[in-house]
Amino acid sequence: MAEAQVEMAWSVIKGSVEEWSSVLLVLAFPLTGFIINGLWGRRLPKPIVSFVACGSIFGAFISSLYLLAMNLALPPLQRSIQVTVYPWLEAGPVKIPFALLLDPLSIAMALTVSGVSFLIHVYSVDYMAHDEEFSRYFALLNLFVFFMLLLVLAGNLATMFIGWEGVGLCSFQLISFWFTRERAAEAGRKAFIVTRFGDFGFLVATLGLLAIFGTLDFGDIARAVYENEIVKPWWGGEVRALDALNRPTAIGLTLGTLICLGLFMGAVGKSAQFPLYVWLPDAMEGPTPVSALIHAATMVTAGVYMVARLNFLFEQSPIALTVVAVIGAFTAAYAATMGCVENDIKRVLAYSTISQIGYMFLACGLGADIAGFYHLVTHAFFKALLFLCAGSVMHAMHDVLDIRRMGGLAKKMPTTALTFWIGGLALAGLIPSGLFSKDAILHAAENQKVLWGLGLFTASLTAFYTTRLGVKVFHGKPRDEQLYEHAHESPDKMTIPMILLALGTLAVSVLWMPPFLPGHWKVLPEYLSPVLGEIHEPSPQEALQSTIWAIGAASLGLIVALMAYAWRPGTLWVFAKALPFLYRLVASKYFVDEIYAAIITRPGRRLSELISAHFDLGVIDATVNGVGWLTAKIGSAVRRMQTGFVRNYALYFIGASVLLIFYMLVRGVMMMR
Amino acid sequence: MLLKAVFLLVAFGAIVGAIGMLVSPKPVHSALFLVWTLFCIAAIYLLLGAEFLAVVQIIVYAGAIMVLFLFIIMLLDLRRDEFGPDTMTVQWTWGLIFTALLAIALVVVAGAAVALRFSGDPLTLTPIPDLARLLFTKYLLAFEIASLILLIAMVGVVVLAKRPKGGA
Amino acid sequence: MEAAIPLNWVLALSAVLFSLGALGVLIKRNIIVMFMSIELMLNAANIALVAFSRAHGNLDGQIVVFFTMTLAAAEVAIGLAIIVALFRIRRTVDVDRATLLKW
Chain A
1 MAEAQVEMAW
11 SVIKGSVEEW
21 SSVLLVLAFP
31 LTGFIINGLW
41 GRRLPKPIVS
51 FVACGSIFGA
61 FISSLYLLAM
71 NLALPPLQRS
81 IQVTVYPWLE
91 AGPVKIPFAL
101 LLDPLSIAMA
111 LTVSGVSFLI
121 HVYSVDYMAH
131 DEEFSRYFAL
141 LNLFVFFMLL
151 LVLAGNLATM
161 FIGWEGVGLC
171 SFQLISFWFT
181 RERAAEAGRK
191 AFIVTRFGDF
201 GFLVATLGLL
211 AIFGTLDFGD
221 IARAVYENEI
231 VKPWWGGEVR
241 ALDALNRPTA
251 IGLTLGTLIC
261 LGLFMGAVGK
271 SAQFPLYVWL
281 PDAMEGPTPV
291 SALIHAATMV
301 TAGVYMVARL
311 NFLFEQSPIA
321 LTVVAVIGAF
331 TAAYAATMGC
341 VENDIKRVLA
351 YSTISQIGYM
361 FLACGLGADI
371 AGFYHLVTHA
381 FFKALLFLCA
391 GSVMHAMHDV
401 LDIRRMGGLA
411 KKMPTTALTF
421 WIGGLALAGL
431 IPSGLFSKDA
441 ILHAAENQKV
451 LWGLGLFTAS
461 LTAFYTTRLG
471 VKVFHGKPRD
481 EQLYEHAHES
491 PDKMTIPMIL
501 LALGTLAVSV
511 LWMPPFLPGH
521 WKVLPEYLSP
531 VLGEIHEPSP
541 QEALQSTIWA
551 IGAASLGLIV
561 ALMAYAWRPG
571 TLWVFAKALP
581 FLYRLVASKY
591 FVDEIYAAII
601 TRPGRRLSEL
611 ISAHFDLGVI
621 DATVNGVGWL
631 TAKIGSAVRR
641 MQTGFVRNYA
651 LYFIGASVLL
661 IFYMLVRGVM
671 MMR
Chain B
1 MLLKAVFLLV
11 AFGAIVGAIG
21 MLVSPKPVHS
31 ALFLVWTLFC
41 IAAIYLLLGA
51 EFLAVVQIIV
61 YAGAIMVLFL
71 FIIMLLDLRR
81 DEFGPDTMTV
91 QWTWGLIFTA
101 LLAIALVVVA
111 GAAVALRFSG
121 DPLTLTPIPD
131 LARLLFTKYL
141 LAFEIASLIL
151 LIAMVGVVVL
161 AKRPKGGA
Chain C
1 MEAAIPLNWV
11 LALSAVLFSL
21 GALGVLIKRN
31 IIVMFMSIEL
41 MLNAANIALV
51 AFSRAHGNLD
61 GQIVVFFTMT
71 LAAAEVAIGL
81 AIIVALFRIR
91 RTVDVDRATL
101 LKW
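Sequence lines, in order, name chains A, B and C. Okay, so the first sequence: first residue is 1 according to my numbering, each after it adds one. Okay, so the second sequence: first residue is 1 according to my numbering, each after it adds one. Okay, so the third sequence: first residue is 1 according to my numbering, each after it adds one.
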């Protein structure tokens with residue numbers, strides 16, 4: 001894999017801001033939308049607010065297209081441009097500018113983000129039409145897109161971190177959008193705090209990189225690593241970059257491995273992987289379009305993007321790559337199991353998201369970053385679509401989330417049902433593009449039998465819970481007649497984005513088709529190879545074989561689900577009753593929330609109570625009060641000097657002057673010596 | 001030699017007068033002792049050649065200020081100090097201590113002033129025109145302000161000593 | 001020319017008179033006598049000033065003494081006026097009875 005890198009475009013070209021001002025447009029549009037809607041949104045009529053919000057994202061999308069065109073106009077090996085917008089932090093030789101990196105990876109991601117965001121914004125106009133905080137919603141959504149684009153287009157770790165934290169903040173705000181509900185407020189807090197946990201690793205790793213390389217710019221660090229340049233690390237002297245990264249540390253892992261693990265910790269938090277995934281299911285308390293945008297298509301994929309962005313670092317540490325792949329595969333299977341027994345429509349999709357992101361990390365951990373990125377793009381489309389369908393269903397069912405009260409909705413909401421199945425089957429990996437992207441990942445995992453096995457198992461489960469969800473919601477007999485009566489299809493502004501996303505899901509498959517299909521288009525790999533490395537192109541026979549395995553696993557899940565929920569309802573309950581312990585374990589999400597509460601939350605709270613009582617009250621307050629008490633005491637002692645007798649005062653006078661005279665005498669004598 | 005003896009005599013007289021002022025129980029006697037001391041000081045001014053100041057001392061200090069004191073003593077009809085036992089022993093102890101220390105310190109300083117000597121013949125009298133010239137040129141501002149202060153003092157005394165209307 | 005009267009002696013006299021005046025201020029209970037002790041202190045300072053004026057050979061010291069006497073006169077006038085006003089109320093010249101400025 002290393003040989004192909006030599007041709008890579010890590011000769012990052014420094015571009016000027018004027019030449020690439022369109023990148024500033026990409027960022028300026030959503031930021032302007034936030035400012036306008038944030039400051040004056042309440043006073044503007046709703047159509048204006050919607051227009052500003054959707055228009056700004058559309059502007060960002062068009063600007064991204066323009067950026068793509070400009071980027072494609074350059075020769076393939078010179079497509080990485082760094083644009084320094086502002087010399088931000090400079091301390092001696094260390095310079096951390098506010099810089100953006102325009103290369104195939106960032107532009108592709110920016111396109112995905114802005115495109116899907118736009119459709120979700122349009123959907124939100126009708127979904128949130130009855131909400132009073134209409135303008136605040138759109139302002140926050142725009143701000144989120146701004147930060148996400150900043151994260152994606154960032155040229156160094158510091159700028160990326162601004163975007164990283166910014167999307168975390170917006171996510172927090174949007175999850176607890178209806179903050180008067182206790183559960184929503186708690187969910188927001190949980191999300192913020194859990195991801196903060198991961199951010200700690202991110203920051204420490206960033207510091208480590210800064211201390212070794214003296215810079216945080218992606219281009220500079222990549223070049224230093226690839227050409228094994230001389231660096232001046234914090235422990236003094238000069239050393240080759242790879243030797244610096246391979247320096248052993250006290251706990252046996254190399255420095256490079258620790259840095260990668262720290263970065264991955266941030267990714268685990270942000271992308272909701274094991275063990276920091278607990279915030280994502282609760283984040284469903286927010287409005288459904290928020291779940292679609294932030295917790296399916298964009299923010300949670302930031303971790304994957306970051307790992308892909310820094311692939312040159314991860315490559316230097318096989319241990320880190322293994323950790324990434326293993327956690328990815330494990331999380332994929334683990335989350336899929338919980339999705340199978342969940343009865344809340346959004347939570348099923350939430351666990352599904354956690355699971356699919358696990359796939360992406362699996363790919364990155366195996367070095368197949370392009371496959372992981374492909375899955376990121378396809379997933380953005382079909383998962384956003386699925387969430388929008390869920391929102392449509394909720395809209396029709398008066399915000400009921402429990403699928404046990406639904407059924408037979410296909411007759412009332414045909415568009416929603418159709419688009420749902422398109423997205424669902426893509427998720428299950430049975431139709432392109434989900435089929436292609438998942439297949440690419442599984443093929444990359446073929447040599448690691450355990451991981452491959454987990455991937456297949458997860459594929460089965462994915463198909464199972466997706467089918468279960470679809471059948472229970474849209475087919476069969478309605479389980480709640482009253483709700484069914486009032487159900488209706490959603491308005492156009494909601495269904496059209498859904499249709500567009502469904503079409504997009506199918507259309508995106510042209511980005512990378514398997515070799516056994518005629519045409520064999522490889523648009524995405526060719527575009528991204530200079531940045532992420534060459535792909536292993538299997539022969540058509542190998543590819544076909546791998547695809548058959550994947551389809552087979554998915555079909556198994558599909559058939560079991562159909563059997564259990566469509567043809568012979570109740571079949572699986574037998575299993576559930578036979579193994580009550582297992583069912584309860586999975587249904588209670590393996591008691592992870594309870595475990596966390598016991599190990600972390602409650603001790604943490606007790607600790608802060610202790611500190612508050614003993615240190616804050618006992619020491620700090622005591623000191624402050626003590627100063628006051630001391631002053632009063634001294635005052636009451638000293639005021640006895642004011643006896644009122646003139647003679648005493650005269651005594652003080654003369655006594656003090658005598659002392660002064662003696663002092664001066666002594667000093668004079670000393671000086672004379 | 002003669003001068004030294006005269007000085008010592010006059011100095012001794014001044015000190016005796018001061019002690020007498022402190023010791024007498026009757027305020028009138030204290031005032032008279034102070035007058036005696038002031039006269040001795042005027043003599044010392046003469047010995048130092050400042051005859052103008054000696055005369056001014058007698059006229060103003062002994063002749064006006066002390067007379068004022070005596071007037072007040074008479075006005076307030078003070079005969080003996082009839083205050084009762086003095087309970088503030090702290091004044092006596094610390095007063096004596098501090099005063100002794102003060103005396104020692106200052107005398108030490110005085111003794112150390114060996115570098116300075118009287119210049120010229122000490123008995124030559126100061127030419128009064130020179131004094132006047134200094135007063136009206138270099139110290140003109142102070143002169144004017146001093147006259148203002150005297151005016152203020154006059155006014156102040158009248159205001160302070162007036163009987164309040166409607167009885168005390 | 002040998003100084004007839006040593007400067008030190010004059011300064012020593014001034015020191016002694018000053019200390020005696022200070023003692024009087026601290027010890028006497030009669031306001032009037034206390035005031036007189038203050039005048040004694042002033043005079044002691046005047047002696048020192050005249051002596052130094054002679055030592056330096058210029059007349060500035062004597063001018064200062066002149067002003068000091070002036071101010072002493074003004075001060076005594078006002079001080080005694082205050083004592084009279086006080087006496088009217090308190091009917092005593094015991095300085096220990098004027099203790100309103102206490103804690």
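It should be emphasised that the hints constitute simulated quantities derived from the structure, not laboratory data. The beta carbon of each residue, even a glycine, is placed where N, CA and C say it ideally should be. Incorrect hints may appear among the rest.
As the list claims (entries may be wrong) - In silico lysine-lysine, DSS-like type, Cα no more than 30 Å apart, as pairs:
id, chain 1, residue 1, chain 2, residue 2
1, A, K589, A, K412
2, B, K4, C, K102
3, C, K102, A, K633
Stated by the list, open to error - Simulated DEER-style distance windows between Cβ atoms:
id, chain 1, residue 1, chain 2, residue 2, range
4, B, V159, A, T623, 38 to 48 Å
5, B, V159, A, R640, 30 to 40 Å
6, A, T631, B, P25, 21 to 31 Å
We went through each hint and held it up to the structure:
1. K589/A to K412/A: Violated, because 33 Å separates the two Cα atoms, which is more than 30 Å.
2. K4/B to K102/C: Violated. K4/B to K102/C sits at ~50 Å, over the 30 Å cutoff.
3. K102/C to K633/A: Holds, at about 18 Å.
4. V159/B to T623/A: 38 to 48 Å: Violated - the Cβ-Cβ distance for V159/B and T623/A, about 53 Å, lies outside 38 to 48 Å.
5. V159/B to R640/A: 30 to 40 Å: 35 Å, holds
6. T631/A to P25/B: 21 to 31 Å: 47 Å, violated
In this structure, the earlier hints numbered 1, 2, 4, 6 are contradicted, and the remaining ones agree with it.
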